[in-house]
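Spelled out from the first residue to the last, the chains are:
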Amino acid sequence: MLALTEDLAKRWLRERGLPVPRGAVAASPDEAVRIAADMPGGAVVKALIPTGRRGKAGAVRLTANAEECRAAVAAMLGTSVLGHAVQRVYIEERIAIRDEFYLSLSLNGPRPEIVITRSGGIDVEDVMRTQPERLVSAAIDPLCGLAVGQANELLQRAGFDAALGASLAALLVALYEAFCAADALLLEINPLAVTDSGSLMLVGAMMGVDQQALFRHAEWADAGVAVTLSRNPREYSVDVANREFSGGECQYVELEGEIGLLVGGGGAGLYQHDVMLELGGLPANHCVTPPTGTDNRKLKAVLAAILDNPRLKGLLVGFNFAQMARTDIRVSTLMELLQEKRIDTAQLPIVIRLFGAGEQASRAMVAGHPNIHYVPRGTTLKEAVRLIVELTAGARANALT
Amino acid sequence: MSILIDQTTRIIVQGITGGQARFDTQWCINYGARIVAGVTPGRLGEVVHGVPVFDTVQSAIAVHPADASILYVPAAQVKPAVLEAIDAGLRLIVVTSEYVPLHDVVHVVATARAAGVRLVGCNTNGIISPGKSKLGGVGGIDPGEIYSPGRIGLCSRSGGMTAELGLVLKETGYGVSTSVAMGGDLVTGMSMAEYLMLFEADADTDAMVIFGEPGTRNEQEVAELVLAGSIRKPVVALISGIFQEAYPAGMTFGHAAAAINTSAESASAKRSILAAAGVHVARSLEDIPGLLRRAFFAAETAVAPSRRGDQSA
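Protein sequences appear in the order of chains V and B.
Residue numbers in the first sequence follow the working numbering, run continuously in steps of one, and reach 829 at the last position.
Residue numbers in the second sequence follow the working numbering, run continuously in steps of one, and reach 359 at the last position.
Note that these hints are calculated values from the structure, not bench results.
For each residue, glycine too, the CB sits at the ideal point set by N, CA and C.
Treat the hints with care, since some could be wrong.
[To be verified] Covered, in the sense of this in silico footprint (three residues per stretch, anywhere, with C-beta under 8 Å from a C-beta of chain B), are these stretches of chain V:
no.: 1; stretch: 513-525
no.: 2; stretch: 567-579
no.: 3; stretch: 604-613
no.: 4; stretch: 640-651
no.: 5; stretch: 695-706
Model the full assembly from the supplied sequences, consistent with the hints where possible.
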């Protein structure tokens, strides 16, 4: 899920005619003050980071005048909040709130779900923990959408009075439509407020969207760049490869162990990781490599990350009996990188379990290289894992003597 | 018999002119699959490996009646292509495409369910009923090397692992009635429990082997059916992804669905829920044949006393 920053989420809602406070993004105290000059009721300064829970983290400040606004922005920019660097702030008009509620729409199963409670505001997590009965939820039929009747029934169950009910039901229906149109996986409105003048206002809005649907949302193509890039340089390089090259999404997660895993990711990747731990080996990483065609650039990025890990003491290239992908592309990529990085395989045991199309060429490529063990046909995934665990332990013992 | 497909199943291929579709279609035909037509809009009149290409599903099946469709269309085209296949009246739709937007998946899955259509995938490498037919890349260029015909039903969250399951069974003298990769996505057309109910009803399947992963309620639903007595044939389960529990919740490794949202969705919770329901839980692939043997032996000895009872009555 790609978490959008508040400005993007609110722009999406505003463009669909939904009531959100006026606001704009600022990257400096001066800019913030200029925006706030247009807000006679005072301005709220919020760290522009793609996460909720900012209020509790002290990243939301209410300001009454230009001096307070300038000071709040100056204090916030350049800090780190909940693991995110604050490079910009969101300046929004202050809303006088009479009553506040919580609403969320989410999709993480066969049907979208709506949750609402009258207990809104900053403490909704406490409500979830201590009074879950106050949260009212319903599944939405994806073919019919959220109908006014269902919204009314939900609001009644949540204890809303009829006077508010009609306008709130219409708002819920419109929000659900905006949620679907955005390919959102999560839309959280907290607080959903009744203003002093009695109108409804979406004061807090966080939205997470489906990365797989970004092809139809060009407006968010760059939204996640700063966020999803990992701090580990090797994880970072794989993130960059994901953005630069086409094809399925790769993943490289560095762990504390010493045996590199070049695996498909799902299925056999999970299985070999479990088996390695069971046999006393410690993986240096987990990774996801999509089936590789002739374009091996993503595979190369993942393999380079694995080989660059300073903790690496052994490498397992372990895949299912290939039903579709070619084995020789993986092996030639490996050999190319070993040469490029001048890695002496005498110091780095490698076990390869790759059966299927191109296998003969693959075996020929590693022939004569010391310490590269291309296991024979019929070797199980577990036997290959056992071999790399033993070879790595043996190499460590040799280094000690 | 078998489930979903056999030698009589007539198949169309949507997106047949693409690279993967051409490759798979060739090997499916070689294996004996009855591929009767292909569909790619704007490509009417072309021929792929002897299979005629049409512009629409409707026009294809008007000339070549079909039972099933397999889709090799880009993620963005999956929703309209599946809806087209459902409208045309196909009863089995297999979607190989990956990275389909979740809102689209949810919509087509609900539409298929409402129409009583079986939707396999998305993100599946296909179905094979060994010796009869195959749909998709499953088995690669030589399926016989991996899958022997036989009486064990396979259902896996991972396409690749169906090959390992097929191999370990073959080496120990077991064969497969049908193997289906249900797809590793968060939402799939059919659930693992639904496939197992098909195997339960199949006269030529004696037992089922499942491969599961963290995330979703698929394995839990299987456990519920076994516990309720709706599934009486032996079930052997291999569930991977225990290692994830050592890392922070919500971190995903591998398949998109394999994020653990609730404690019941972790691999170890699934193993214990299944074991408690009477499913035979394997720790590795090598355990599976032994567990099957034990399950069959137990079933025989359990049946014997009641037979004696019948005679004395």
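Against the structure, the hints:
1. 513-525: Violated: only 0 residues of the stretch 513-525 of chain V have a Cβ under 8 Å from chain B.
2. 567-579: Holds, because 3 residues of the stretch 567-579 of chain V bring their Cβ atoms closer than 8 Å to Cβ atoms of chain B.
3. 604-613: holds (count 3)
4. 640-651: holds (count 4)
5. 695-706: holds (count 10)
Of the numbered hints given earlier, the model fails hint 1 alone.
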